[in-house]
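Model the placement of chain B on the given structure of chain A, informed by the hints.
There are 2 protein chains.
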Amino acid sequence: MTLFGIVTAFMAISTLSAPLSPPKTLQWDRVAPGVWRATIGRKDKLNLISAAAARPAKDALKKQGDVETPPIDLSLASGENVAGHAVARIPLLPDEKLYGLGLQMHGSDRRGGVYHLRMDHYSGGKDRLHAPTPLYISSKGYAVFFNTARPISIYAGVGNRLGSPGNPKSRDRNTDPAWEAQPASDAVEASVQAPGMEVFLFAGPTPMDALRRYNLFCGGGALPPRWALGFWHRVPLEASAEEVTRETEEFDRRSFPLDVVGLEPGWQSRSYPGSFVWSEKRFPDPAGFLKKLGDDNLRVNLWENPYVAESSPLYTPLKPFFASHTVWLGAVPDLTIPKAAEIVRQHHKSVGIDLGVSGYKIDEVDGVDVWLWPDHAAFPSGIPGDQMRQIYGVLWQRELETLFEDSGKRTFGLVRGSNGGASRFPFAIYSDTYDHREYVTGITSAGLAGVMWCAEARSASNGEEWVRRMQTAVLSHIAQLNAWADGTKPWSFPGYEEPVKKAMQFRIEILPYLYTAFAQYHYQGTPVIRAMSLVDGGDETDQYLLGDDILVAPMFAGTKSRKVRLPHGEWFDYETGKRVGDGETIEVTPALDKIPLFVRNGALIPTIAPQLRAGTLRKGTPIILRSYGNQTPHGALYDDDGETFAYRKGRYSWFDLSIDKDGRGVMTKREGDGSSLYGAITVQSFAR
Amino acid sequence: MTLFGIVTAFMAISTLSAPLSPPKTLQWDRVAPGVWRATIGRKDKLNLISAAAARPAKDALKKQGDVETPPIDLSLASGENVAGHAVARIPLLPDEKLYGLGLQMHGSDRRGGVYHLRMDHYSGGKDRLHAPTPLYISSKGYAVFFNTARPISIYAGVGNRLGSPGNPKSRDRNTDPAWEAQPASDAVEASVQAPGMEVFLFAGPTPMDALRRYNLFCGGGALPPRWALGFWHRVPLEASAEEVTRETEEFDRRSFPLDVVGLEPGWQSRSYPGSFVWSEKRFPDPAGFLKKLGDDNLRVNLWENPYVAESSPLYTPLKPFFASHTVWLGAVPDLTIPKAAEIVRQHHKSVGIDLGVSGYKIDEVDGVDVWLWPDHAAFPSGIPGDQMRQIYGVLWQRELETLFEDSGKRTFGLVRGSNGGASRFPFAIYSDTYDHREYVTGITSAGLAGVMWCAEARSASNGEEWVRRMQTAVLSHIAQLNAWADGTKPWSFPGYEEPVKKAMQFRIEILPYLYTAFAQYHYQGTPVIRAMSLVDGGDETDQYLLGDDILVAPMFAGTKSRKVRLPHGEWFDYETGKRVGDGETIEVTPALDKIPLFVRNGALIPTIAPQLRAGTLRKGTPIILRSYGNQTPHGALYDDDGETFAYRKGRYSWFDLSIDKDGRGVMTKREGDGSSLYGAITVQSFAR
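Protein sequences, first through last, are from chains A and B.
Everything in the first sequence is counted per this note's numbering, starting at 816 for the first residue and increasing by one.
Everything in the second sequence is counted per this note's numbering, starting at 816 for the first residue and increasing by one.
Just chain A, same shape as in the assembly:
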């Protein structure tokens, strides 16, 4: 090419133009009771549902009941392909609120925002999340899920199409005080840069019903083993087998509950990237170490950062399946390729599960741009980096869950990134962000994203904060102290041991109630922890319902009182049974050792006496029914063997809880072929 020959390249830009046609009305199929599906263009073979290998829980969906009439006016829902984008447009009513759009750390109603949902380590904002689930739940009682593994942009009631009949009147800003900077929009629009996308619509009639259908459509929520609901403690980075053992012994000696010990990177011979094998120095006899802890009824959870060091025995067999780019110089296997997944599973079996490891913590699958592979990284399956990032944590969960299923043992673990479709995976999300209020919002919003959240305690600037954080930790999906960095113990703040122990004991005390709540998640799709938006359309993110009947209002260090909005009906203090109010906002001033917990009128809360291990309840453990309020008391209790998948073959029990005319507690089997763990029934009555 001659000098300046490129001048010809500097031509005027495109003069092509075609009149714009309106988007096409979507065609919907009813694919399950109360579930509709539409497709725009040609959907990707890899999507959130396929990445999670999610299958609808058919029977559970049927039990939810069929719905003939779609929950929205389907004639107003449209889709189109626009210059490389696939776009869905779902109508909105003027007074509708929208909840969900991922594991958000702030706020409740998402209407009026634009969400560029990306997998990332949360560092503020609304776009980059640990679980960027493209699911929203309407206050009108339905939910919409965009089944795509692409980075997706969701305009939640933002943007006015030219000529749309739902547009408000255009006003003059110069003179009209009613002018609005953001004119109301009559739709949610969602788009991906892709040939197509699948959209699911879930019926209500309530927002909770719609969310249930979403979770059940993804297979139902996770049902963890019973031990996983005890207390978890992660030991310091470089702890050796001996140090770990000493640490667990100290928990017992001091009578602090403990079920799970988490080992951090130091269990591996090298980390970041990892070897995926035990450190001979720190753990010379892994099998012996695991057996000793197992004999003591403790479970071991192993950290891993799923990027492979060249010195790892995984490296050579996985080599054909590595991505173009590394993470901390570790190679990234493409788990969408069955052979690669099989190699990963087999390694985990031989190095971990066969030795007695109970589960994993899958670290750094969320991102941070400067650490992860770039968006354009190539993977051997042909999936580009940006899509792989959206689902890498999901794929890793899938393979580990498969492995535990094959072993016949349930697991519960931690993962730093998940997404839509992944409801059934027994993993809770965690994060290095550490703002206590954000953690509480995370607890409330996790359920709206079809995931779970571990508001772990790690450190505190003073004893008061330590107590308040531990009180929150024990009321999240996993109750964990993560001492990987600084070795903090529950008793590290002198003078504050007792309120911390009390919180940890409370976790054990409500074990039957909590396990039942998880069973509701699994069998009915109802999240364990329920945002106020699901309870009664409230927008509070600093209080939530745990299970059916306990309202939790965490305290934050530095505050002596807080407001609690009680949902409709009368509510009672968990500890004293005293009536606190009736559908009103109250102010509470809880002592340091007290978590503000309120119980619904007529609730029967199944509890047990505090003990050190949740995983070793003996057959015949006495059950204590805490009875509140002034209505005929009732409650529910779920039980199974707490360890295996026998429940899938009917070996479980649902009981109705009640109190007979003589004031004795009654457990009435409602469903299932399982026996019950519990023995004597005591009633602790706070009834007025």
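Any given hint might turn out to be false.
Restraint ranges, calculated between C-beta atoms of paired labels, are given here [as the list claims (entries may be wrong)]:
id	chain 1	residue 1	chain 2	residue 2	range
1	A	G939	B	S1376	49 to 55 Å
2	A	S938	B	G880	42 to 48 Å
3	A	E1402	B	Q997	34 to 40 Å
4	A	S938	B	D1247	20 to 26 Å
5	A	S836	B	R1463	40 to 46 Å
6	B	W1306	A	S836	56 to 62 Å
7	B	K984	A	G940	32 to 38 Å
8	B	D1247	A	D1363	57 to 63 Å
Please keep in mind that the hints were generated in silico from the structure rather than gathered at the bench.
Glycine included, each C-beta is placed from N, C-alpha and C at the ideal position.
Frame of chain A; chain B shown alone:
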């Protein structure tokens, strides 16, 4: 489809896999002296160069000299298409720093960051910018420009390709203290979701030389009319013709310089969206109003928000060219379609330029997601919303610039969003963000993005802040007070009028020097304002070089002193001529009325006596050469008619400035066929 028939859709994901091949070495063409081009895949017809209709300034590029040897090892530069992404990989040396990557508001060296460059209103961060120019300048003396209108992600020395020879050694985080969270990368990688992309490489040998070549390749920097370098004042939103006139008269009565009056939305009969016609109520006689101001040697700049109200006369003719979505319910014309552009130009001609309007302020072309069209908006030309957003401000600048060119009059205006390729457009960027330190960083980084920045003053919390902000405003590309919202005047803070007036007068005083600096931008590609990274590789963002010889170190309210790093050589105080240091960091404690300004040893700064209008310098205006230091003094002076495009036909003058042996100032014509405006030469010697 039967109930649950979709189960078949929940299949295992892709099992396709292909071994990854390494990216291909790029093929480069030398397309201008010191400029190389390579293409990955099939580049978009619409790109930054084509959107700006940029054409290389051939002669100026030739004058920069030819370069045979590429500035980087081209064999290490590669490109590939990865699953919908076009990727460029440009090698980096270990000790290289990277500057640029848009109009950034923080920091200097961009190496080690990931930049998802998007057009947006700046609201923190490094990704969403008023000018997301995908251009970086290396400390090794070359520049790279990715010529794409797509949203682009740039991994600036981030990310390690598997097996890349430049990767550092992998270390064990458990035990090796030298482990790094971000292992050094040996390349910049840039990617777009597109079939291809064009990459340009500009030779140095210095970073400034490389930037010059970029600007000249885009046509050379803007050359504003001389009046545009005077003071600008934007009147309140709803000001009427009478109120505007009263306001300008008060400037004159109080002897505050003024050249340009900016009218805000109220000049239109309605706004947000706009009518694009004069308000009959506030401006019953636009032509008379403009003539009256014109007779007073004042220019008028009109605000506009380029989205069309249904009641606008522009609406019907533009209707075939509107996008699918609106902005504030205003229709968005597709200016890539020549017919639409023609309609827009003709309207501006008849309603504005023919009446005497001097230029425009193009508002809200940057974005804010909840206001702009969505990324997936459709435009009749087929360009999707996300690309249109990257260039909408560029297209609007292009059409207005074309219109003024056709009219034979130069313009200077404001725009809230620009991008690569747009160097030649006479528009400065501004923003509603208002942090003073960010504004100063914006001044320094604008040049690195091939754009200009107006650090306008709008308000202040006290008199001191007002003075310091005005001192910064007069040392940016446009010296403007923007009183649209609150009606602030230069004299609004009692007791602080004099330092404000002094700053405004200083702007006029250095007019010959400033106009020369703009000419350097136009003819040589050298930015008017030069970041320290371009001067000597420094990373300071709170000081900069204005033109060749004046170092500016703005003061911030609340501080009594500041550090200034002097580049190599001796430096002298602008006001006193006293030596302040020699290539060292000094601490200065400037009085409130003083801007810390330092002059290079041997500099001759051409100035004039203060006056109220920059645009009405009479033939024969005396010129004052301020002489500093202890070396043989020299300087440069550019001149032309200050109004028309006659300079393009050689009607301009470059003078060398010197002092003869008798101490008299000498102007020696070096180049051009123009005459000179200036008369008597005075020397004001601060030489030691």
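field: Contradicted hints - numbers only
entry: Of the numbered hints, 1, 3, 8 do not hold.
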